[in-house]
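Asker: Going by my numbering, the final residue of the sequence shown carries number 1129, and the count climbs one at a time with no gaps.
FYI, nobody ran anything at the bench for these hints, they're computed from the structure. A portion of the hints provided could be inaccurate.
Ranges between beta-carbon positions, derived for each pair [what the hints assert, rightly or not]:
{"no.": "1", "residue 1": "E1057", "residue 2": "Q1107", "range": "34 to 40 angstroms"}
{"no.": "2", "residue 1": "D1113", "residue 2": "D1060", "range": "41 to 47 angstroms"}
{"no.": "3", "residue 1": "S1048", "residue 2": "L1099", "range": "19 to 25 angstroms"}
{"no.": "4", "residue 1": "R1120", "residue 2": "Q1064", "range": "39 to 45 angstroms"}
{"no.": "5", "residue 1": "D1027", "residue 2": "E1080", "range": "15 to 21 angstroms"}
{"no.": "6", "residue 1": "L1097", "residue 2": "L1118", "range": "40 to 46 angstroms"}
{"no.": "7", "residue 1": "Q1064", "residue 2": "W1103", "range": "29 to 35 angstroms"}
{"no.": "8", "residue 1": "L1061", "residue 2": "L1118", "range": "44 to 50 angstroms"}
{"no.": "9", "residue 1": "S1048", "residue 2": "G1071", "range": "50 to 56 angstroms"}
{"no.": "10", "residue 1": "W1111", "residue 2": "R1087", "range": "41 to 47 angstroms"}
{"no.": "11", "residue 1": "Q1107", "residue 2": "E1080", "range": "41 to 47 angstroms"}
{"no.": "12", "residue 1": "G1071", "residue 2": "T1123", "range": "25 to 31 angstroms"}
{"no.": "13", "residue 1": "R1088", "residue 2": "F1030", "range": "23 to 29 angstroms"}
The beta carbon of each residue, even a glycine, is placed where N, CA and C say it ideally should be.
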Amino acid sequence: MTTLDLAFAALGDPVRRALVARLALSDATVGELAEPFDLTQQAISHHVGVLRRCGLVEQRREGTRRPCRLRAEQLSLLGAWIDEQRRTWDDRLDALTRHLTDEERAR
C-alpha cells in the first residue's frame, strides 16, 4: 500500500478525521486528544498510531509529555492529488459539455 492509500484509509474513520482537525489547531497529547471523546486513552492512542504510520501525525518527547503534531505537508500531498483529480474531471466534463452543445447545434 502506498502512503497515499494509507492516508486515505486512515482518514476514512471519523474519529481520526476529528483528531486531524483538532491537531490542525495545535499540538496535543493523547490525553488532551481524548478529552472530547467517549473513548479511552488507549483507543485514542490506537487512532494516533494509525495516523503516525501513514505519516499524518508525529509524536515527540518533551520530558514526560509526548505531544502529537499534525504533519501538514502530508495533508498537502493529499490535497494535491485531489486537486489533480478535480482538474481531470473538470476537463472531461467541459469536453462533454462542448460535445453535447455541438451535437445540439448540428440538429
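Asker: Each hint should be assessed against the structure and marked as holding or not.
Answerer: Results for each hint:
| no. | hint | verdict |
| --- | --- | --- |
| 1 | E1057 <-> Q1107: 34 to 40 angstroms | holds (36 angstroms) |
| 2 | D1113 <-> D1060: 41 to 47 angstroms | holds (45 angstroms) |
| 3 | S1048 <-> L1099: 19 to 25 angstroms | holds (22 angstroms) |
| 4 | R1120 <-> Q1064: 39 to 45 angstroms | violated (56 angstroms) |
| 5 | D1027 <-> E1080: 15 to 21 angstroms | holds (19 angstroms) |
| 6 | L1097 <-> L1118: 40 to 46 angstroms | violated (31 angstroms) |
| 7 | Q1064 <-> W1103: 29 to 35 angstroms | holds (32 angstroms) |
| 8 | L1061 <-> L1118: 44 to 50 angstroms | holds (46 angstroms) |
| 9 | S1048 <-> G1071: 50 to 56 angstroms | violated (20 angstroms) |
| 10 | W1111 <-> R1087: 41 to 47 angstroms | holds (44 angstroms) |
| 11 | Q1107 <-> E1080: 41 to 47 angstroms | violated (27 angstroms) |
| 12 | G1071 <-> T1123: 25 to 31 angstroms | violated (52 angstroms) |
| 13 | R1088 <-> F1030: 23 to 29 angstroms | holds (26 angstroms) |
This entry does not satisfy hints 4, 6, 9, 11 and 12, going by the numbered hints stated previously.
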